[in-house]
Each structure stands twice: as structure tokens, then as C-alpha cells.
Amino acid sequence: MNPVPLRTKDERLRFCDAYFKAVGAPVVRALGNDYREYQLPREVDKELTDRPYYWMWVEKTNQDVPLTVLRCAFSDEALEQANRRLREAALDEAEQRGMTELERRFFRPPTAELITFGCFRLDKIYTSLEKRGRFACVAPESWNGAQPLIPWFLMNAIVSFRCDRVEQRFWSIAVCLHNGQVVFGFYDMIQNIRMQPVAPSALLSHSSAALGIEQACATACSAILTALERQSHEWADTARRRLDEEISQIELYYRSILPDAPDDEKPVIEAERHRKIRERTEQIGPRIEIDIRQMALVGLTERRSSPPSEGHDRDSRFRNR
Amino acid sequence: MNLSLSKSTAPAAMPPVVWHGQEVQAAFTAYLEKADVGNQAAWTLFGLNVTATKARLARDFDELLVLEHIRGFTPLPHQVETARRVMQELHGRAILADEVGLGKTIEAGLIMKEYLLRGLARKILVLVPASLVLQWTRELNDKFRIPAYAQRNEWNWTQADVVVGSLDTAKREPHRSAVLEVEWDLVVVDEAHKLKNNRTKNWQMVNQIPNKYMLLLTATPMQNDLKELHTLITLLRPGHLGSRQEFASQHMANARQPRDAKELKSQLGHVMIRNRRRDGATNLPKRHVTAVPLELSPAERKLYDAVQQFLKQEYDERTALRRSVLPLITLQREICSSPYAAMHTLERMGKRATSESLRQRIAELMTLAQQVTTYTKVDKVLEMIASLDDKCIVFTEYRATQELLLYMLRKRGVSAVPFRGGFKRGKKDWMKDLFASKMKVLVATESGGEGINLQFCHHMINFDLPWNPMRLEQRIGRIHRLGQEREVHIYNLATRDTIEAHIVHLLQEKIRMFEMVIGELDYIVDDPKLSSKLEEKILEWSMTSESNGELVAKLEQYGDEWLQQVKESTTR
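Line order of the protein sequences matches chains Z and X.
Going by our numbering, the first residue of the first sequence is number 4, and it counts up by one from there.
Going by our numbering, the first residue of the second sequence is number 2, and it counts up by one from there.
None of these hints come from the bench; they were simulated from the model.
Don't take every hint at face value.
[What the hints assert, rightly or not] Chain Z stretches covered by chain X per the calculated footprint, using a threshold of three residues with CB under 8 Å from any CB of chain X:
1. 46-57
2. 66-77
3. 124-134
4. 290-301
[Said to hold, decoys possible] Straight line, CA to CA, 20 Å or less: simulated EDC-like cross-link-like pairs of lysine to aspartate or glutamate:
5. X:LYS538 <-> X:GLU562
6. Z:LYS134 <-> Z:ASP20
7. Z:LYS127 <-> X:GLU69
8. X:LYS202 <-> Z:GLU268
9. X:LYS124 <-> Z:GLU282
10. X:LYS303 <-> X:ASP380
11. X:LYS144 <-> Z:ASP126
Cβ atoms here follow ideal geometry from the backbone N, Cα and C, with glycine treated the same way.
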């Protein structure tokens, strides 16, 4: 299995650097490999810091506020160093301005934040990416505008196998708009090709495209279903059996208390029984949830029209040719 | 569960498929129509989004994602194992019945966070005693980065995703309707032994709350009757141990004895997990317990003896007339604490006195009390605190003694804050924070019972002792608990030739509970029949014994019986 992303500080740093560069937030200070200060454009600031009222105030009163600088430490040591430096700098500045005794007592220097897996800021960045990184329309950088492009419709989805527990897969499926060919694990195959954005017309206007987006999407969805049907669903069987057992226990319990209940309470108890059975079914009842996350149009030059099969695509066994 | 992607030979029916995000296609079409040449960084952002998505996947049914999400502490192996078992084997409906201080909160936090991360839970309800609402909220936020919200008004139940509130509030209107309207994904109930009777409002309320996953936390899942277990389990999995009648006939020999302990235990394993200290769940740093013997000053001795004489006389009269001896127990215990504490009770008794002679006798005792000018115990405490280069908790049972101590400490320039059970929860937290950050001494009248953790403190002085081992253990448990990294020192003040000296001996030497595991005490001492009688017994023995020797023998015997019970419960 591929290593899981974002579990090391270096990865997180590269991830943040790439994100902030992509959204136009310049690095205003970089110290070694584990400290960065990014200056946030207003729109990015709104996405990453949770302060809607502040922005409402800024906009309603037409304030000219300075841009926020996000101070990100990627290791404990970097955090400590940064906080020390920030404190000294802020104290120096305050002393030069002159501080009253009271101000000194309540002096609060600015601080940096530690970027760890699962921290608030990364969660905010994920949410921002869900919006900003949802769609794309690209062709290789090497494309000169003259070669013919083969358009591929790409769809990324999370497939969740769910009962009272859950297991998830990231599936990337592409459909060739020329001939309807379906390829699984597509993103991993092309992720190392450098891409440039292109106008959708460059990919769609060709009369050679046999499929429209809508058809391609339908093809991808049915390919997913076909692939799922071929899998083992043991887990679902196990869950179903457990659900049956739980329901029969619930029935047994309510059968045992109903006869002794006063008549006017019986409907209430019946309703309770129904509710409990419904809740167990919602909790344990097996289902597969498919969450479509991203779509893109990717033009590949002729040479690439059948995607490279080398590489690290663990879902390649699904390739459906 | 092994989720093999290979073709299966005997295909099980495919479960229903649910699609989400089908609107994405329309949005994509609109994007293509609008976009000329898109954002230069579009492909980078697309790729970063893939990375972010993959980073958060629950790749495996079994792996615990939560372990990568906690910071600042490392959960103990038994806690991780418990969380894993609750989700994988007990399917998220369980009684967490660890002994006191083994970290049920941590286990519940791990499970909550895991369900949140996996998208299996969004709406979570945590019901805890009112005094613990803020502490739970804080811990969930700090330790687990769960955005938990302390419930304040009736709208919070629906507004916030993770709500911490008290059962007492939740069961009252208008809260009740609000809580019952929400389809909760996970419901956590702390101190769940309050749900052991299915005729109570508490039980009925919890039984009504919609839920998918449910955790019940209690150190004492069963106190008096095996049926209590059945009642708790009915909340989680009705019918799991059969109907009530079937449970009684299949599993119970009598109210307290299972028919087949092994069989019951294995059945319980499907709904309950109990970690115990003696199973090696945890090793706390050592606990040093020292008795500090003291000699009463002549004035104090005179008062003490006079009170004893008064008590004996009153005891005989009251038992002859079958009147309550409760005030006498109080007075006996107070006189061991401080004359100050005793004066309140004496005054009250004086006002209620029916005869002039009684009033006269009490007035004499009051005069004797007023003649005490130096307090041996207080002086000793001041001396001990002065020689300590560390924070210290002083426990007393009485408000009057507490005030005296605070006054004397402040007079000496020692920083000290009070702590009382009657404080509102905000004030409790405030006092705790003050003690943690600025003060040297905390003078407390109660352990806060199910409350406050003070692991940053390593010294405790018991100014007087509760006559109940469980209460003493609760006091000590404030500092000697999970998270304590240093050895702790407990000092028990014991004035010579008073009943207090015997109590210290009984609790500290005879029962030696300090070296024993508290889990066993959970069962025994929490037995209300045993503990409520104890105070009365001690008074009876001290009042009716002809000699000191006889009293000591009776206390010894009591200790032996006690130990016998412990042995029985551990082999049970």
C-alpha cells in the first residue's frame, strides 16, 4: 500500500507551501525546513480563519485592515524558537513605545501555531481545497496547441463500505471521450505529467468526441457499479447476520414486557420497539456509499492516448478494457 | 474484516449503493461553460485536494485513525485496546466499567474522535454530572480536538454537533423535548450507575434518546443486585441477556450471586469492558502514607475529655429513648477536627436542649472550647507547610475548620484558596486554576467526589479523616491517579489517646487500603449497607467499650471482616 499522505512534517510543509503558492499567498519568512510565515490575501484569509463577524465588520465599515500573516511551525522546536523570537520582538517594540505597569502585566505576545496532522488549520485548508480544487481542465505542458488532444473525463470518488464500521477507498476513474474506454486508477497514472490549464473548447469542440460529459459520467458510474459487483461482500453478509440477531433480541425483549404493560402504554412501547429496530438498521445495515468528489477534463496528446500502465496504481486490476 | 478486492467465488449479495455528490456533474458542466482558460494553479489545487482526501481516508476497518490525531499525551495501552474492542467487537454499544482512575474518559474520547474521523458520527451527546460538564468539555477540546460545546440553554442541543450537558438538565422540560428530537449518532453517559433502576426518570430518559452508538461509563456497573446489570444492558442491547425473567432464571442464583460466574462473564464480554489495576492496567507512582502523631495541649485535652464524658451520658440516654444518635456522631467527629467545628454543633444542641441541666452542661463545654487558644493540629499543619517546597492540599470534613485554617494560613502569609462541594462548577474550575497557577495551598472540605483532578500536586494533609475508607480513597484519588508522574505523600494527623488515633490506625494500618487496589473497594465500600453503618458502629463501640483495649479489639475485628469481604470479592 502506498504510504499515507501528510504523516510527516516535511510532507506537511511541502503541502502548505504548494497550497499557499497556488492561492497566491506569498511566503514572507522562511526559516529552515520547519517554519514559514504566509501572508494571506483577503479571500484566503476568510477561508482559513474562522471569524465571519470580523469580516462582516471590516466590509460593512470599509476598513482597510492589514493582511493577516499566518505563522506556521512544523515541529515543536520550530514552534518554541518562533514563540521566543516573537515574544522578544514584541516586547522590544512595546518597551520602545513605553509600557505602563498594567500593560506589562497583561502583555500577550503574538504566537506561532504548530501544524500537525489533524490540526484546525489543516482542516481549514482541506475545506478550502474542496472548493478550489474540485474541477480542472488541463493538457500537458508539452502540448503546443497544434497536436491533436484526446479528451478524457476524470472522476474521483470516495467509496465507503459501511456498516457500524467503515472502510474507504479512493477511486479515480477516467472515460475516454473518443471511444468510451474506461480506466481505473487514472489520477495516479497521470499525476506526474506537468499540466497547463486549457480552454474546455480545446478538448470538447472536436467533432471526434463520441461522448458528452453527461454520457461519460454515466459510463463512469456504471463502471464503478460493475467493479463493485465483482467484489467480495462477505463483510456485508456478516453485518446483515448481526443485524438480524440484534433485531430478534429486540423483538424478544419487547415481547417479554408487552403483556405486562397497561393497555394505554402499549402503543408507546410499540413505537419504542420500532424506533430501536430502525436505529439498529441505520447503524449496522450494510451499504456502499459513493461520494463523487472531483471532476476534470484531461487532454492527452496522441502518444499518451492510452495512459502509461507503469507505476503505482494499486487499483489497476480494475482496468476494464 | 478482510476486505479483499479480488473476485469472490461465492458472491454474497451486494449491499445497496448510495450515491452522494451527483450534483457535482451539473456544477462541472457549468464550470466548463464558464471557464475559458482556468486558473493557472487549477491542476495543483486539484492534486492537493486528492492528497488531502487520501490523507483522511479510513483505509481499513480496523486501524485506529485517532492515534494520529491526539497530541500532548499518550493513551495507555489498555485504553487504546479498550477503544479498539468497543468499536470492533462490541460494535460501539458498550459499558465502560474500568475501575476508578483508569481513564474511562480517555477511552470514551478515543472512541468519539474515531467515529468523528470516520464520518460515522456527527451529532454526539455527552451526559455527565453537572459538576463535570466543563471538565469534560475542556478535555474533549484540548486532548482530542473535538469541538465539544458545554450546554447552556435549550437551543444548544440542536445547534452544536458535540454537546456536553447534564442528565438532570436534559430530563427536564423544555430540554427533554429538544434532546429527544435530535437523531443522535453517539450518546455517552458518564456515572451510568445512576441508570440501574428502570423505573427512574434517569433511566427512562436515556432509554428514549435516539442513538446509534452508545457508551455507558461507570466504575460500579452493579452494586446490590445482578438485575442492575440487566437494566443497564437493556439500554444498550435490549434482550441481549434474554428477557428480565430469562436473565433471572438463567444467570442468577440470588440477587448477588451469579449461577455460573464464568458463563455470565463471557456473556457480559459482548457488552462490557472492565480494566482493573491488579490486571496490570496501570502502575501508578508510589504512595507514601504517614501518620503524624500529635499530643493535645492541656486545654484541648480538658475539652476533649469533657466532650467524651458528655457524649457517653447522652449516648446512654438517647439509646434508651431510641432517639437519633446522629448529632453525637457529628460532635464526636468534629471534636477530633477542631474545637471551632464542635462549637457549631454544641450551640445547636444547646438551643434545642429540653432541660436546664443539659443546657448548663453544654454551656460549660462551650466555655472550655473558648479557653482553647492554641490549636495543636493547626500549628502542626502550618509547620509542615512551611517546610514543604511544593503545593499541598489540606482536607477537612468541616467548614468551620476550613475557615479557621484559611484564616491562620493567610495570617502567616501563605497563599491559600478554599474548595467546597457547594461551589458552582465555574467557581470550582476557577479555584482549581488559581491553585494550579498561583497558590501554595488548597483547603478543601470534600473531594469533589466525582470531580476535580489535581495531578500537579504531590502532597496531601488529612487534617481529619472521614470515617469511611471510600471517602478517604476519593480524597487521595484527587492526586494519586492516572497522569500522576511523581510519588505522592499523604499525611494523616492523629492526636494521641483520641478516637481519631484509632481511626487512623484502622484505615491506615489494619485495612491497609493504601496498598490495596481500589477496584475491590468499589464493590465493597460502595455497598451502602456497609458504609452507612460504619459511622454508627464506630460511635457505638467507642461509647460502650469499657476500656480502650476493648475498643481496639472491636475495631480490629471489623478490619478483619472487611478484609474477608475483599478476599471474597476478588475471587468472585
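Taking the hints in turn, this is what the structure says about them:
1. 46-57: Answer violated; 0 residues pass the 8 Å Cβ test.
2. 66-77: violated (count 0)
3. 124-134: holds (count 4)
4. 290-301: Holds: 11 residues of the region 290-301 of chain Z have a Cβ under 8 Å from chain X.
5. X:LYS538 <-> X:GLU562: holds, 14 Å
6. Z:LYS134 <-> Z:ASP20: holds, 18 Å
7. Z:LYS127 <-> X:GLU69: holds, 18 Å
8. X:LYS202 <-> Z:GLU268: It holds: about 16 Å lies between the C-alpha atoms, which stays within 20 Å.
9. X:LYS124 <-> Z:GLU282: Holds - the C-alpha atoms of GLU282 of chain Z and LYS124 of chain X are around 14 Å apart, at most 20 Å.
10. X:LYS303 <-> X:ASP380: holds, 19 Å
11. X:LYS144 <-> Z:ASP126: Holds, at about 17 Å.
Hint compliance for this structure: hints 1, 2 are not met, and every other hint is.
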